[in-house]
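Trainee: Residue numbers (numbering that gives the first Met the number 0), protein chains in the order written: chain A, 0 to 447; chain B, 0 to 310.
Keep in mind that the hints were calculated from the coordinates and are not lab data.
It is possible that part of the hints are untrue.
Stated by the list, open to error - Computed list of lysine to aspartate or glutamate pairs in EDC-like fashion (alpha-carbon distance at most 16 Å, straight line): (1) A/Lys-444 x B/Glu-77; (2) A/Lys-153 x A/Asp-128; (3) A/Lys-118 x B/Glu-77; (4) A/Lys-118 x A/Asp-416; (5) A/Lys-444 x A/Asp-235; (6) A/Lys-118 x A/Asp-128; (7) A/Lys-95 x A/Asp-79; (8) A/Lys-284 x A/Asp-260; (9) A/Lys-93 x B/Glu-77; (10) A/Lys-95 x B/Asp-160; (11) A/Lys-67 x A/Glu-85; (12) A/Lys-427 x A/Asp-255.
None of these values were measured; they are calculated from a predicted model.
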Amino acid sequence: MSRRRVIAGSIGMLAALTLVAACGGGTRPGQGGTGTDDGGGADGGGASGSTVATAWGLTGGVNEVLYKESLGWWNEANPDARIGLEFFANDAYKEKIRTALGAGNAPTLIYGWGGGGLKEYVDNGNVVDMTAETANLVDRVLPSVAAGGIFDGKVYGVPNSQSQPVILYYNQNVLDEAGVAVPTTWEELMSAVATLNEHGVAPFSVAGQSKWPYLMWIQYLTDRVGGPEAFQAVLDGEPGAWSDPAFAEALTMIQDLVKADGFVSGYGSIAADANADQALLYTGKAAFLLQGSWIYSSLKVDAPDFVADGLGFTTFPEVTGGAGDPLDIVGNTSNYWSVSATATDEAKAAATSYLDTIVFDDDYTQVLLDAGGVPPVAGLEDTIAKADDAEFIGLAYDMVKQAPHFQLSWDQALAPDAAQELLTNLEKIFLLQSTPEQFVDAMNKTIG
Amino acid sequence: MTVAVRTTERVGRPGSASGAARRRTGPAPWLALPALAFFAFFALVPLLGVVVLSFTSWDGLGSPTFIGAGNWGRILAEPLTQRATVLSLVVVLLSVLFQAPVSLLLGVFMAGRQRYREVLSILYFLPLLFSSAAVAIAFRSLLDPNFGLGAAIGLDVLSQDWLGKPHLALGVCLFVIAWSFIPFHALLYQAGVRQIPVQLYEAATLDGAGAWRQFWSITIPQLRYTIITSTTLILVGSLTYFDLIFILTQGGPGDATRILPLDMYLRGFRSFDMGGASVIATILVVVGLTMSLGLNRVSGSHRMESQQEGL
């Protein structure tokens, strides 16, 4: 065998290699490869027409149903400007979207939570200003919710899903047995904790291993003690903003609760993604659970009997003498669609037209209501009264509508590095590994 | 330089030293090219990329900006990194101390001829077949204090806050890692023991040596290179453990199980500090290479002499 042939062969091999590598790295979402769900449209598959834009959503719950249905309507009406839809798991998505944006491979419609994450996209020019194109949609939704996607008066993200306030769930049967009333103030809550412990039942369930459920506690307590201004100063990047006494006081209250055995034993090992925190509530091992409104739908699936008889829900208690309005709520204001700056004009036009004409029109809102979600749309009282879960949706809807301030989850409101620091330090507070002072010092270092 | 010189000598040993290279038989060196190209493209290029990234500031969205040694100073001075480094060393040390003896004993047992040996060997081997993600999820459910194993069989000892208390969580991680990796190392030892000539044991028996003496004077010395191979794999492997701990604890509670690889990942893909994550990645590469080269050197296995001369 001649040496030349070997060389030629090797070169050919190298070329093939490069090609393989290029293909491996370059499966762009826009090319509609395998795994693309064409919006679950009525005609299924893409035999006729063409897919011009893509959307990435999150698996599970109300949202999945909502996006599939509504994009199905769009694709049926616009076979030549179809929007493909792909789903990802929560944590996987957060990492994937970032890499995709950085590499210029982002989908047309980018799913997000508004707040600090979206702000970063805006600052980097990854998403487009769509103030003019989505004016009708912004008119349809509550201003406090639309605000989550608006920066400097320009719309970069529009709400696409339910509002998710954090709600205090309780097991009425457990409370009755222990003779405890639903607490409306922090003092009542602490005395309920003592009584419940005497009756041998854990007061609060919390999924500590997932870390983010801890946020709900500090967010509500900080707001009740010091009002929304304390955290706003952090968002504005004021040096030493975490030194606001409201934070230290809220952290002290949390540690008081921990020391009073307020949380179920072993709470550091409970994971939210396995719904173990909910299981403690409906099996009667814990009396209360502070969680987002999104768990209602999984409670209905996992414990239908309990939801029918025994489940109670209310707002977070007041803190006597606190500066915050007891009507303030925390949670996820909504999820948002943003449009990628690297998308083609055709894709952008299809995406914004879908947003403006379909999202939160009457049909869209009805699908959301039927699935048990709270639409951030004004004037729905009568419709909600007729819904299956009128009591629950009504409470959540009123909370959203009446709230003077709706605080987005801090891990979404802050930039990613500060959010990680926050979760780690907060976990140490709940595990009594650090003091409020140490927390404040550590968090102040993340500013600036 | 000395290393390179010695390598040529070793390769050239069979022929006369001067003409060995030209008269080499066997496959043409060109045939190594595809493999080398793969290695360069998938290992060396990304590695260089990471080193370059470690001198930049990049949040994954915009374009990286060159900031010199800024990341290095910042990351090395951070208490979080220092804790992660110490923790990594602890994990490496405890992994070796725990896994090596257990694997050795299991391997020796599996190489024997005892009754039920094969059934037991299959049981020992099972963890190797499971994906580590599945193992971690299964253990997390088993260790759930309220709905896990402890609650199921009514043993309060098992209903601890396994993953929520710092020391317990680290212990659990080490145990689960050992549980998943010991079968592989036991397999190495089993193969090693099977290769020891039976005459050695026969002669020792004639000389009146007991089982204990035979183990220390024949089995262990004969397994020398297996021990080195297995220990190197445990060392370097435990330096880069990621998936099991990530799924079990995500580095928590607090930062009690945040070892370097996890720290790298969380910095890179949760905090989006790609520069800082690249610094840690580079450190891990250097430490890992140094450790395996050092172990080879200290143990003298680079000479790879025969263990069975005179047999």
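Trainee: Hints the structure violates: just list their numbers, smallest first.
Mentor: Those not satisfied are hints 3, 7, 9 and 10.
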